[in-house]
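Trainee: Please put together the full structure from these sequences, using the hints given.
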Amino acid sequence: MSTDSSSHAGERTLSIDTDEPVGSDAVRLLALGCILVLTGSYVSVLYDITRVVGGSQSLLALVGIMLLAATGLARLIRPRTAGVLALVGAGFGFAYYLTSAGVELGVVFTATDALVSDTIALATGLPLLRMMQAGVWTLGFAPAPVFLSWYLALRGRYELGVVPGGIALGFLVLTGDAGTLVTLTGTLAAVGAVAFGELEHRGGSIAQADLLAVLFAVIVALSLSVTIVPGDPSGPTHLVQGEAGSLEATIDSSPQRSGISGQVDLSPEVRFTVESDQRSYWRTGVYDRFTGDEWVRTGQSSRYNGRLASPPGNYETVQQTVTAETELGIMPVAPQPLSLGGDVTRETTVSRHGQPRPETPLETGESYTVESADIDADPAALRAAGTNYPDEVTERHLQTPEDTSSEFRERTAEITADADNPYEKAAAIESHLRSSKGYSLEVTQPAGNVAEGFLLEMDEGYCVYFATTMTQMLREEGVPARYATGYTSGQQVDNDEYVVRGLDAHSWVEVYFPDHGWVRFDPTPGGSRSDVHTDRLEEARSNGNEAADTEDSEDVPIDDEDDTDESPASDPNDPIGSPSDPNEDNGTDPETDPNNGTDPDDPDNGTAPPNDSGDRVDGNTSEDTSLSERLVGIIRETGAIALIALVGLAAGARRTGATTRLCRGVGVYWHGFRAEPDRDAERAFRRLERLFAREYRPRRQSESARAYLTALSAAAESETESAAPLDPRVEQVLESYERAVYGGGVSRATADEAIEIVDDLARSRLPILGRLR
Amino acid sequence: MRLTLRGWTVVVVVCGAVALSWQSGPRALNAVVVPLVVVVLAGLVTVGRADRPRVTRRPVEEGFIREERPIEVGIETDDTTAATVRDTVDDGLSAATEPVAETTLEGEETVSYDVRLEARGERRVGPLSITVSDVIGLVERRFAYEETTAVLVYPRVRKVAGGSAADVQALAGIAERRDHEEFDHLREYRRGDPLRDVHWKSAAKRPDDDLVVSEYADDEEGGAVTIAADCLTDRDDEMASAAATVATYLLEQGVPVGITVPGGTQPPGSGRDHYRDILQLLAVAGPGELGERTRGDADVLVRTDDGGTTVVVDGHEIPFDRLCGRGGGRRDGQRRTEGDGRGDRDTGGRGVLA
Numbered sequence: 060m061s062t063d064s065s066s067h068a069g070e071r072t073l074s075i076d077t078d079e080p081v082g083s084d085a086v087r088l089l090a091l092g093c094i095l096v097l098t099g100s101y102v103s104v105l106y107d108i109t110r111v112v113g114g115s116q117s118l119l120a121l122v123g124i125m126l127l128a129a130t131g132l133a134r135l136i137r138p139r140t141a142g143v144l145a146l147v148g149a150g151f152g153f154a155y156y157l158t159s160a161g162v163e164l165g166v167v168f169t170a171t172d173a174l175v176s177d178t179i180a181l182a183t184g185l186p187l188l189r190m191m192q193a194g195v196w197t198l199g200f201a202p203a204p205v206f207l208s209w210y211l212a213l214r215g216r217y218e219l220g221v222v223p224g225g226i227a228l229g230f231l232v233l234t235g236d237a238g239t240l241v242t243l244t245g246t247l248a249a250v251g252a253v254a255f256g257e258l259e260h261r262g263g264s265i266a267q268a269d270l271l272a273v274l275f276a277v278i279v280a281l282s283l284s285v286t287i288v289p290g291d292p293s294g295p296t297h298l299v300q301g302e303a304g305s306l307e308a309t310i311d312s313s314p315q316r317s318g319i320s321g322q323v324d325l326s327p328e329v330r331f332t333v334e335s336d337q338r339s340y341w342r343t344g345v346y347d348r349f350t351g352d353e354w355v356r357t358g359q360s361s362r363y364n365g366r367l368a369s370p371p372g373n374y375e376t377v378q379q380t381v382t383a384e385t386e387l388g389i390m391p392v393a394p395q396p397l398s399l400g401g402d403v404t405r406e407t408t409v410s411r412h413g414q415p416r417p418e419t420p421l422e423t424g425e426s427y428t429v430e431s432a433d434i435d436a437d438p439a440a441l442r443a444a445g446t447n448y449p450d451e452v453t454e455r456h457l458q459t460p461e462d463t464s465s466e467f468r469e470r471t472a473e474i475t476a477d478a479d480n481p482y483e484k485a486a487a488i489e490s491h492l493r494s495s496k497g498y499s500l501e502v503t504q505p506a507g508n509v510a511e512g513f514l515l516e517m518d519e520g521y522c523v524y525f526a527t528t529m530t531q532m533l534r535e536e537g538v539p540a541r542y543a544t545g546y547t548s549g550q551q552v553d554n555d556e557y558v559v560r561g562l563d564a565h566s567w568v569e570v571y572f573p574d575h576g577w578v579r580f581d582p583t584p585g586g587s588r589s590d591v592h593t594d595r596l597e598e599a600r601s602n603g604n605e606a607a608d609t610e611d612s613e614d615v616p617i618d619d620e621d622d623t624d625e626s627p628a629s630d631p632n633d634p635i636g637s638p639s640d641p642n643e644d645n646g647t648d649p650e651t652d653p654n655n656g657t658d659p660d661d662p663d664n665g666t667a668p669p670n671d672s673g674d675r676v677d678g679n680t681s682e683d684t685s686l687s688e689r690l691v692g693i694i695r696e697t698g699a700i701a702l703i704a705l706v707g708l709a710a711g712a713r714r715t716g717a718t719t720r721l722c723r724g725v726g727v728y729w730h731g732f733r734a735e736p737d738r739d740a741e742r743a744f745r746r747l748e749r750l751f752a753r754e755y756r757p758r759r760q761s762e763s764a765r766a767y768l769t770a771l772s773a774a775a776e777s778e779t780e781s782a783a784p785l786d787p788r789v790e791q792v793l794e795s796y797e798r799a800v801y802g803g804g805v806s807r808a809t810a811d812e813a814i815e816i817v818d819d820l821a822r823s824r825l826p827i828l829g830r831l832r
Numbered sequence: 005m006r007l008t009l010r011g012w013t014v015v016v017v018v019c020g021a022v023a024l025s026w027q028s029g030p031r032a033l034n035a036v037v038v039p040l041v042v043v044v045l046a047g048l049v050t051v052g053r054a055d056r057p058r059v060t061r062r063p064v065e066e067g068f069i070r071e072e073r074p075i076e077v078g079i080e081t082d083d084t085t086a087a088t089v090r091d092t093v094d095d096g097l098s099a100a101t102e103p104v105a106e107t108t109l110e111g112e113e114t115v116s117y118d119v120r121l122e123a124r125g126e127r128r129v130g131p132l133s134i135t136v137s138d139v140i141g142l143v144e145r146r147f148a149y150e151e152t153t154a155v156l157v158y159p160r161v162r163k164v165a166g167g168s169a170a171d172v173q174a175l176a177g178i179a180e181r182r183d184h185e186e187f188d189h190l191r192e193y194r195r196g197d198p199l200r201d202v203h204w205k206s207a208a209k210r211p212d213d214d215l216v217v218s219e220y221a222d223d224e225e226g227g228a229v230t231i232a233a234d235c236l237t238d239r240d241d242e243m244a245s246a247a248a249t250v251a252t253y254l255l256e257q258g259v260p261v262g263i264t265v266p267g268g269t270q271p272p273g274s275g276r277d278h279y280r281d282i283l284q285l286l287a288v289a290g291p292g293e294l295g296e297r298t299r300g301d302a303d304v305l306v307r308t309d310d311g312g313t314t315v316v317v318d319g320h321e322i323p324f325d326r327l328c329g330r331g332g333g334r335r336d337g338q339r340r341t342e343g344d345g346r347g348d349r350d351t352g353g354r355g356v357l358a
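Protein sequences, first through last, are from chains A and B.
Note that the first sequence covers residues 60 to 832 in this note's numbering.
Note that the second sequence covers residues 5 to 358 in this note's numbering.
Everything labelled a hint here was simulated from the structure, so no lab data went into it.
Just so we're clear, the structure is a prediction, and the values are computed from it rather than from any experiment.
A virtual CB, placed ideally from N, CA and C, is assigned to each residue, including glycine.
You may find that some hints are simply not true.
Among chain B residues calculated to face chain A with C-beta under 10 angstroms, some are [as the list claims (entries may be wrong)]:
| no. | residue |
| --- | --- |
| 1 | Met5 |
| 2 | Trp12 |
| 3 | Val15 |
| 4 | Gly20 |
| 5 | Leu24 |
| 6 | Pro30 |
| 7 | Ala35 |
| 8 | Val41 |
| 9 | Val43 |
| 10 | Ala86 |
| 11 | Thr107 |
| 12 | Asp138 |
| 13 | Gly141 |
| 14 | Leu142 |
| 15 | Thr298 |
Some residues of chain B that are not near chain A, with every Cβ distance over 10 angstroms (derived) [stated by the list, open to error]:
| no. | residue |
| --- | --- |
| 16 | Leu7 |
| 17 | Arg10 |
| 18 | Arg31 |
| 19 | Leu33 |
| 20 | Pro39 |
| 21 | Ala46 |
| 22 | Arg53 |
| 23 | Tyr149 |
| 24 | Glu151 |
| 25 | Val172 |
| 26 | Gln173 |
| 27 | His189 |
| 28 | Asp213 |
| 29 | Pro271 |
Have a look at the derived ranges for each label pair, beta carbon to beta carbon [unchecked claim]:
| no. | chain 1 | residue 1 | chain 2 | residue 2 | range |
| --- | --- | --- | --- | --- | --- |
| 30 | A | Pro289 | B | Glu80 | 45 to 53 angstroms |
| 31 | A | Gly804 | B | Asp118 | 38 to 46 angstroms |
| 32 | B | Ala100 | A | Gly92 | 22 to 30 angstroms |
| 33 | B | Thr101 | A | Leu146 | 49 to 57 angstroms |
| 34 | A | Ser398 | B | Trp26 | 34 to 42 angstroms |
| 35 | A | Ala704 | B | Asp118 | 46 to 54 angstroms |
| 36 | A | Leu146 | B | Trp26 | 25 to 33 angstroms |
Mentor: Next up, the structure:
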């Protein structure tokens, strides 16, 4: 069956006079473009991942090869063959991933349960960045949908081509890796591909795309402003300490991530108290993957089973009892925990790094006990520890974002030039950061890689910046390191009792030493930080904030002295003390760290009471992003929305023919830019014609210009009472028109004169202005 | 109005996304759900507001078996809509191209396709349905049009010249009986006039190239031949074919021919329109037996019974297959009946129809 295409095209040309019809080629290009955008949307999500974990070039190369292959094979193989190819490709990718993740392929058949549960974990929001082999996963994931969707699109099966792309994007949305803008772009592209495919298929013209433009404008406006899906964005079980914008909320932004932001606030409220023989940092989180602007914990957590992994070397054990003083979504422990006691342990999950976390928040007053390993590591031993790292440790704790600059590498190499072993490198970096950077909570987060920005450009920062930068520098030097968050030891209110407040929130670095385990280093300068803390606490006390103290702590004066400073790691002693816990080799779990209990030297401890050096600055700063950053964000977003809204409006106007009417309407009153005299004379007459058409009647097709005007003036004369006679100057316009069109042309002056007459006539007929004259 | 497969897919995706969002957090699912919901709603609204397209069927020219005829349907809409136009054709017709057009309706549109005429009789084209869908194809609505158009398919006309000389001669003898004494006047040649009536002498004298034919008085009455055809079995196609073949031959010879079949009679006449009338009659003729008297009055008798079809001329019984040069082989004849109508008709019918 065919449609009568010639009459079709003819009509279209007639009915759409403002834009020339564009053939199905343009529609096809648009449909293909939409498929490419859809592909780009999920590849960009994957690319964001590989930029962190490495493999961007392989990913892009793979995608390019797939596009080329699909282009080449589009006409050569049948869809079924292509589908089989894509499935086989996906199977290979999956097998490759499993192999490199250290899983036997046989497991696919024997442990389907585990694989299914992993898949469900991903689909329920486990970000890909938390996968240990995320890079390999992306390489296995990308080719099949890219190939299949491009292949189908080239064969004109756009609606089928959208399917593999849509599934790929949908999966990334489910894992939570695809952001709103990327998702929206992908969804629109998918809708566009189907729509343009329909247009091409049905021989529609691009002129119909205006409906789509209106639709898209509505979609964009609604998607960004209206939320219709249910569900709590932050997840039901995650309790964040402190308010948004506080340091605590930032470093514990979600169960598996630790954010980095600009300016932060400190809360003076008491979080928990600890009874412990030894002073220590109270660790609440360990993170191993750095994305450039946040920390991510990879690997799945498991239920606490009564025992945590122990460090590889010698250690003494330390007992603590932790009591929550407010609702607590975290489980502070002195690194490295060996076992837990108390009711809460029945609902505790343990990360692969050995850090426990309650499944439901602890109630106020609830307590638990912890047995921790206090790693016996003195500098001499650490210096001699060597670099014989277990594979599990190096695989996960040497990661740096792919775009880390060589400048960062060089600067790090410079700083550690004199160091011969990992311990000395760590000490050198620690002391460099402590001495070269100031402490301030009021900083602006640098764009891009935070570690790089801090080392190379910033002069001050707080614990997050120091710890992040040191971790990355160590990794650049090949020393396995990870990022730990938690609290400093807090205010010592009794011999063995510590009160820990929100302003004690802190982050630091753990470095792995073979045969010892994870040893704590703290590059944050302690002195200035504790000043800030003390001020904040005093202010809270003077404001009568009752939450800032427990019964035991309220009478204890704050002394800041001690904070003074944390000695640089450089000293052998201090860091050391702290160092290590050797947990074992399974790098995975154990995080032992040095409890500081060991060291008095830690900054904080020294400090007794009140605060440790958390980072903190006063609380005044509430905004976490700087104004300018926000402005840029706002402008970018609203700009995009406004642009789409404009396009939609324009399309809507075009659909209703408003533009044409507007042009016509304006054209009566404004001649426009001058052209050749002949053209101008002609245009002047056309305007006159339109003017009269409005006032009297349009010129008939069969009527010549002169006959029309004569008829008009005859009609005007016959009923002089009602209508004014035609202006005699009309004759002049007519004459110049006739000479321009049929005669030998007109001079510039004549044309101008005609234009002027028409201008005058038009103006005198302006609804309001004309009446004034 | 209902959702297409594509529409249901979208609904399932939306429901799945909402369920997953409710189960394990919204993530960016809003950016999936909102666009899809908007698209479906827009589809429902545009399709719901679509007006019923107005359909005009153009008449279809009748023709012989194996000829192709264009079927044209004019469709008029107020808005531009994507639509699938689906037509149906009767048995006895086959669509050369699938009678389905996926197109965009915009103002006045003509949808056309070709059908091939496969079997004698009055065949119908239609009914038609137009399925209107939104720009993305998620929602569709079906408009049905019961109106149909008739296509008349003539019986097969075979070539007589291939038969044995005696048989042809017998048939020709009938034509010879006609006399032309009563010359009436000369007139200009018109399409369909037998060449034997051309008055060559007068034609040669005329300065332009026009031919002149002689017109005879009582042309219609005098030498007309009547054919009676009936069919005692259900092979009425064969009967119609035989009658049409004989009538065509006689008309080509310039003899006015009248015909009677069970259920209809066409009085004697000649010319193109008359020939068409005869074919139309034969196109719809069914089995049946004529009365003894009608058969007795006829100059030529065509009868189809279990033994085949015979043509009786002046007492000669000529098997129809033999008349057409097919040696009486029934199977052969049948094969030809099914396989090769055009060749016969080209040589048989052209002289009269041209």
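Trainee: What hints, given by number in increasing order, does this structure fail?
Mentor: 1, 2, 3, 15, 17, 18, 19, 20, 21, 31, 32, 33
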